[in-house]
Amino acid sequence: MKEAFLKTLSLFKNVLPMLCGILLLMSLLQQFFQHQYRAWFTGNYFLDPLIGASAGAISFGIPITSYIAGGELLRSGVSLIAVTAFIMTWTTVGLIMIPLETQFLGKRFAVARNLINFVFAILVAIATVYTVEMVG
Amino acid sequence: MKLEIKKMSGRTKFLIYVLVLYGVISIFNQDTIRAALVYFALMLSKVIPVLGMVFGFLFLTNLFIKPEWIRKHIGAESGFRGWFYAVIGGIVISGPPYIIYPMLGELKEHGARSGLLAVILFNRNVKPQFLPAMIYLFGIKYTVILSVYIILFSLLSGKILEFFVREENTSAGR
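Top to bottom, those sequences are chains X and B. So the first sequence is numbered by the numbering used here: it starts at 1 and just counts up by one. So the second sequence is numbered by the numbering used here: it starts at 1001 and just counts up by one.
The set of hints was computed from the structure by calculation and includes no laboratory data. Cβ coordinates follow ideal geometry from the N, Cα and C atoms, glycine included. Some clues are possibly wrong.
Unchecked claim - Some chain X residues well away from chain B (every beta-carbon gap over 10 Å; in silico):
{"hint": "1", "residue": "Thr42"}
{"hint": "2", "residue": "Ile58"}
{"hint": "3", "residue": "Ser76"}
Stated by the list, open to error - In the DSBU-like style, the derived pairs of lysine-lysine whose C-alpha atoms are separated by at most 35 Å in a straight line are:
{"hint": "4", "chain 1": "B", "residue 1": "Lys1141", "chain 2": "X", "residue 2": "Lys13"}
{"hint": "5", "chain 1": "B", "residue 1": "Lys1141", "chain 2": "X", "residue 2": "Lys7"}
{"hint": "6", "chain 1": "B", "residue 1": "Lys1159", "chain 2": "X", "residue 2": "Lys2"}
Isolated chain B, as found in the complex (with noise of 0.2 Å):
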């Protein structure tokens, strides 16, 4: 049982791990358990379409776009055009980070640059479908401010992201 465990994946443990922690709240209260799982039964009707989508998006990425290609517009040699890409595809990118980041993933293993996915990542912030919200909560002049500095910082942790991460090798865990 015990090498049984010890051979699964990191993924796998993970699951059962959670599993565990359910099993051990149960004991303690019904109730908070019996909720969370209507929570995530809901949550998953609603991943289920959305990881369909994604399903094509990565089937597309892997048929059609050729490596060269992202390492043009987002890679290492993509230079200024890359940031500027990458600011604009964060702002357009919807969707939760369990969809995004398979998706970034694949692009990364084309050979997109590290930091222009965290410049992507951050400017998932400045969601224009969101800004008449933001604007009715908290006024028109701390929207725009506040969504410049998000661009402009977004550049920056790019920047110092790229200084503390060398180029990985992340297919190795999958």
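Looking at chain X on its own, in the form it has when it is part of the complex (with noise of 0.2 Å):
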């Protein structure tokens, strides 16, 4: 039991200070990042997605906020497609804990599933939106 404690608090020993950087991290980008979403989107049907999906990447927060995110975009006249890769990657895609999966899965990992996630995240809002338009 004392072993499996001491090995718990080890482990939290060590993520604390990159927790702790992250957090900051996270809270400086917020500062420049809220509300911008908007400017960021040109109305091309093809660079959309990415904009969408390389935004998505970047935020981070509970699935719910892109969910709401989203629906602002949407109204605003970006593509459906565009906003669900943007919600696609906002929980499956994130640049900032990089180094945060790096040191609990493993650096290959790390990049290799955020790569693909990126990728799938527009695949996946693609299908979607088609699959919705053909079920009418």
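Assembling the complex is the task here: the two chains are given apart, and the hints tell you how they should meet.
Written out as structure tokens, the structure is:
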């Protein structure tokens, strides 16, 4: 029992500086990105999904925040594919979190997973929107 | 001084770099730094209780869960059942990434398969508690179709990830 406790304690001791660093970085980026999303989109049908996925990848927060932000973007004229890509990468890609992910799951895992998920976010967005249109 | 910085772990260096960034920005824009620090304090106050729960989870995992159990359910020998557990685990698991990564790291150390951990992370997008909000904003048809695609693509992402990632020794970096 003591061994399990000490092992957990040592894990926490290691993670705290990284966690504080990431939270500080997130807090700083939040000041620059807050309410800025709409200005990033161009109206280009092919470019916007990439922009949406990139915006989601550098954002953070609970998924419901991305739905609300996505709903706002949709109402302001951004395409559904771009909004879906944005919602997808919000949760599945975390550029700011890569150092922490690397620490626990390995560098190759973190880099490969984020790259795969970025591409898949756009594919899921395209597949979803076209299926919704086909179903009618 | 230079030698002392070299001796520091990557984690501590990262924190120092972020603090330096705060210092540099504060020279030009103190209001932004003040707002960021207030936001940081707010997040930290939310994170601390959750960290307590994670500590409990990791402690219990270290105490009771044996590597054989992990390997059987989400390890290399888990087969089809492992993919099923990973999808359900991803949907059920809740919390920000900085809370989930230590838990998944612990599972990996106990023998969990990398592809299945990727499936868990991908399925975090299907959250039953948030589905009503998504239905309200985007409609039920969109929500159902998106959720089905997320689950399907999560399996594919797990498979592809395993192609690129051979088992790594993550404990070395801790």
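Problem set entry | Hint numbers not upheld by this structure, sorted from lowest to highest | Those not satisfied are hints 4, 5 and 6.
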